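Participant: Here's the letter readout for the chains.
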Amino acid sequence: MNNYQLMISVDDKQVVLERILQVTRYRGFLINGMNAKVNTGTKIGTIELMVSSERPIELLVDQINKLIDIKEVKVDHTAMQ
Amino acid sequence: MTTTEKKLTGASLLFNVLEQHGVEHVFGYPGGAIMPIYDALYDSGVEHFLCRHEQGAAFSAVGYARASGKVGVCLATSGPGATNLITGLADALADSIPVVAITGQVATAAMGSDAFQEIDIFGLSLACTKHSFQVTNIDDLADVLHQAFAIALEGRQGPVLVDIPKDIQIAAVNGSVDDLVNLQNKVKLPPANVGNALALLNQAKKPILYVGGGVGMANAIDELRDFAKITGLPCVSTLKGLGAIDPEDKYYMGMLGMHGTKASNLAVQECDLLIAVGARFDDRVTGKLNEFAPNAKVIHFDIDTAEINKRRVADASILGDLKVNLPALAIPLSIEPWKAFCLQMNADYAWDYNHPGETIFAPAVLKEISDKMPKNSCVTTDVGQHQMWAAQHMVFDDPSNFLTSAGMGTMGFGIPAAVGAQVSRPTNCIIAISGDGSFMMNVQELSTIKRFQLPVKIVLIDNAKLGMVRQWQDLFFNGRLSETDLADNPDFIMLANAFDIKAQMITKKSEVSAAIEEMLEHDGPYLLQVKIDAQDNVWPLVPPNTANDKMMEST
Numbered sequence: 001m002n003n004y005q006l007m008i009s010v011d012d013k014q015v016v017l018e019r020i021l022q023v024t025r026y027r028g029f030l031i032n033g034m035n036a037k038v039n040t041g042t043k044i045g046t047i048e049l050m051v052s053s054e055r056p057i058e059l060l061v062d063q064i065n066k067l068i069d070i071k072e073v074k075v076d077h078t079a080m081q
Numbered sequence: 001m002t003t004t005e006k007k008l009t010g011a012s013l014l015f016n017v018l019e020q021h022g023v024e025h026v027f028g029y030p031g032g033a034i035m036p037i038y039d040a041l042y043d044s045g046v047e048h049f050l051c052r053h054e055q056g057a058a059f060s061a062v063g064y065a066r067a068s069g070k071v072g073v074c075l076a077t078s079g080p081g082a083t084n085l086i087t088g089l090a091d092a093l094a095d096s097i098p099v100v101a102i103t104g105q106v107a108t109a110a111m112g113s114d115a116f117q118e119i120d121i122f123g124l125s126l127a128c129t130k131h132s133f134q135v136t137n138i139d140d141l142a143d144v145l146h147q148a149f150a151i152a153l154e155g156r157q158g159p160v161l162v163d164i165p166k167d168i169q170i171a172a173v174n175g176s177v178d179d180l181v182n183l184q185n186k187v188k189l190p191p192a193n194v195g196n197a198l199a200l201l202n203q204a205k206k207p208i209l210y211v212g213g214g215v216g217m218a219n220a221i222d223e224l225r226d227f228a229k230i231t232g233l234p235c236v237s238t239l240k241g242l243g244a245i246d247p248e249d250k251y252y253m254g255m256l257g258m259h260g261t262k263a264s265n266l267a268v269q270e271c272d273l274l275i276a277v278g279a280r281f282d283d284r285v286t287g288k289l290n291e292f293a294p295n296a297k298v299i300h301f302d303i304d305t306a307e308i309n310k311r312r313v314a315d316a317s318i319l320g321d322l323k324v325n326l327p328a329l330a331i332p333l334s335i336e337p338w339k340a341f342c343l344q345m346n347a348d349y350a351w352d353y354n355h356p357g358e359t360i361f362a363p364a365v366l367k368e369i370s371d372k373m374p375k376n377s378c379v380t381t382d383v384g385q386h387q388m389w390a391a392q393h394m395v396f397d398d399p400s401n402f403l404t405s406a407g408m409g410t411m412g413f414g415i416p417a418a419v420g421a422q423v424s425r426p427t428n429c430i431i432a433i434s435g436d437g438s439f440m441m442n443v444q445e446l447s448t449i450k451r452f453q454l455p456v457k458i459v460l461i462d463n464a465k466l467g468m469v470r471q472w473q474d475l476f477f478n479g480r481l482s483e484t485d486l487a488d489n490p491d492f493i494m495l496a497n498a499f500d501i502k503a504q505m506i507t508k509k510s511e512v513s514a515a516i517e518e519m520l521e522h523d524g525p526y527l528l529q530v531k532i533d534a535q536d537n538v539w540p541l542v543p544p545n546t547a548n549d550k551m552m553e554s555t
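Quick mapping for you: the protein sequence lines, in order, are chains H and D. Start counting the first sequence at 1; every next residue gets the next number (the numbering used here). Start counting the second sequence at 1; every next residue gets the next number (the numbering used here).
Careful: at least some of the hints might be erroneous.
Said to hold, decoys possible - In the DSS-like style, the derived pairs of lysine-lysine whose C-alpha atoms are separated by at most 25 Å in a straight line are:
#1 D:288 / D:531
#2 D:70 / H:66
#3 D:450 / D:508
#4 D:310 / H:74
#5 D:297 / D:70
#6 D:367 / D:509
#7 H:66 / D:205
#8 D:550 / D:502
#9 D:339 / D:70
#10 D:229 / D:70
#11 D:550 / D:206
#12 H:71 / H:37
#13 D:229 / D:450
#14 H:66 / D:323
#15 H:71 / D:310
Because the hints were derived from the structure by calculation, they are not lab data. What you are looking at is a predicted structure, and each value in this text was computed from that prediction instead of being measured.
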């Protein structure tokens, strides 16, 4: 099982967090931890997602990127050391 | 404003926006929480087709979209109306079909209170739509509806749901409706670098073109055919890709995969370069994935970044619009020995329609319908043996002329999809190929055919079985025939007649030709029930989790 940490930047739109969690589960990743907050000024949300899976993280990054309200998805390689 | 003038409401705004997007026809079913929208429909220029189940409305919208290239639109009320749409939306998601679904919702004040006919369709939509919205402010409604159409059509197409609470439907719109501005396509991909792909193509001695449904969705049929002609590549098609390749192309080897032709599967297993175009290495295509095209490098063309390396690593990926990217790789190739080998396989493994006895042979019936149907006919299918026989033995010159539930494999698709296709193409012959299992799954849509006098032709391949499951039970479950006997089917002729649909049953080969001609010449809707032997199987068959060159064949 590989552990990964994602930094996801989103537009603060309806159910964006639910969409990310649904895709993460469906694509075969376990959620081990999460931090989420919204900048009410910019209306941009930031989500840190700690996940684990046998599958390569690129599969999940590509699927999260397909969601309409996503601005950016980064894999935090330093956090995985 | 005088007292007689009606202020624009959310419900009437909906139809204004639909008309801005060129929507002429919608499919739906009214109910409590969508009544203001149906009231506004009364005054609108949009034509509504009342289906007899919301699933029928969703599939009709899918059939409409697939047959016409336009966005299909369906309407349903809250609760059960909305949940009944879900199968159709899932089908549209799996096959990347642009559909906009509008659902009524209980009033915002009642939401979250387990109100009558309340369901969280917004939550349910997450897994079965490309995107979804719930409108909680009347000022957002127009923008949300415009976004719904943009998202349905941009990049890889798909279904979008807009849930509109009843109080938003009756709320007064502030200001006027803005003119439609050009929709921004959010999907922006960097220009493709084709250098690596060109090198792979030049080095290959046994390359093959693997064509998927993305070609038709990208409206890149001409570009694909030019590409095939210039390169001279042998080519194979997925189920959803059927019709994209020129059927006259002598290097076309047919469908690949579980029920693909022997020639196409052997060629793909043998190739040294697989050029996937708008295809996604689906499990029904690849068989055992790690033994699929084991010696091939892969060039993958797609609009969807997430399809690259999802099931098979690409040696070169070309992301973006096929219309732009295919010509960049169209170079003549020196692969004559390979082409000769593929031609020989086409000859060696051609379909054999010799069939002893008087019992009707479904593949021969479907081939004869294909030969006799007028040009630009559109065929829909349900799911099962008849679907695979149609894919194998009918010839299509455009993907919009063959509508089948490919990704989701949804029984009950064929009849309502034919309704949608006939509405979008009133002058074309629309033929629904169904099976006796699938037919009963949306049989209520015969009433829609009757209501609108749609001249849909239905060919019911009847073995009084759930034939494909029965075939698998015989082959892979020791003949333990569990719940696949349908000997108690209704009298289909009497059933069709109850909906004012002319019908005929045939049981012998000698009756086939005249029956097909009568059906095709009949002005109105027609049902042709074709009785076949319950033991007939679909061949070839690649067993599950098996390499595609280890197919089972007729014994």
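Participant: Look at each hint and say if it fits the structure.
Facilitator: How the hints compare with the structure:
1. D:288 / D:531: Violated, at roughly 35 Å.
2. D:70 / H:66: holds (22 Å)
3. D:450 / D:508: violated (29 Å)
4. D:310 / H:74: Given pair residue 310 of chain D, residue 74 of chain H holds - Cα atoms ~19 Å apart, limit 25 Å.
5. D:297 / D:70: Violated - the C-alpha atoms of residue 70 of chain D and residue 297 of chain D are around 36 Å apart, more than 25 Å.
6. D:367 / D:509: Holds, because 13 Å separates the two Cα atoms, which is no more than 25 Å.
7. H:66 / D:205: Not OK: residue 66 of chain H and residue 205 of chain D at ~36 Å, beyond 25 Å, violated.
8. D:550 / D:502: violated (44 Å)
9. D:339 / D:70: Violated, at roughly 38 Å.
10. D:229 / D:70: Measuring from Cα to Cα gives roughly 29 Å; hence the hint is violated.
11. D:550 / D:206: Measuring from Cα to Cα gives roughly 20 Å; hence the hint holds.
12. H:71 / H:37: holds (15 Å)
13. D:229 / D:450: With Cα atoms ~45 Å apart, residue 229 of chain D and residue 450 of chain D exceed 25 Å; violated.
14. H:66 / D:323: Holds, because 22 Å separates the two Cα atoms, which is no more than 25 Å.
15. H:71 / D:310: Status holds; Cα separation ~22 Å.
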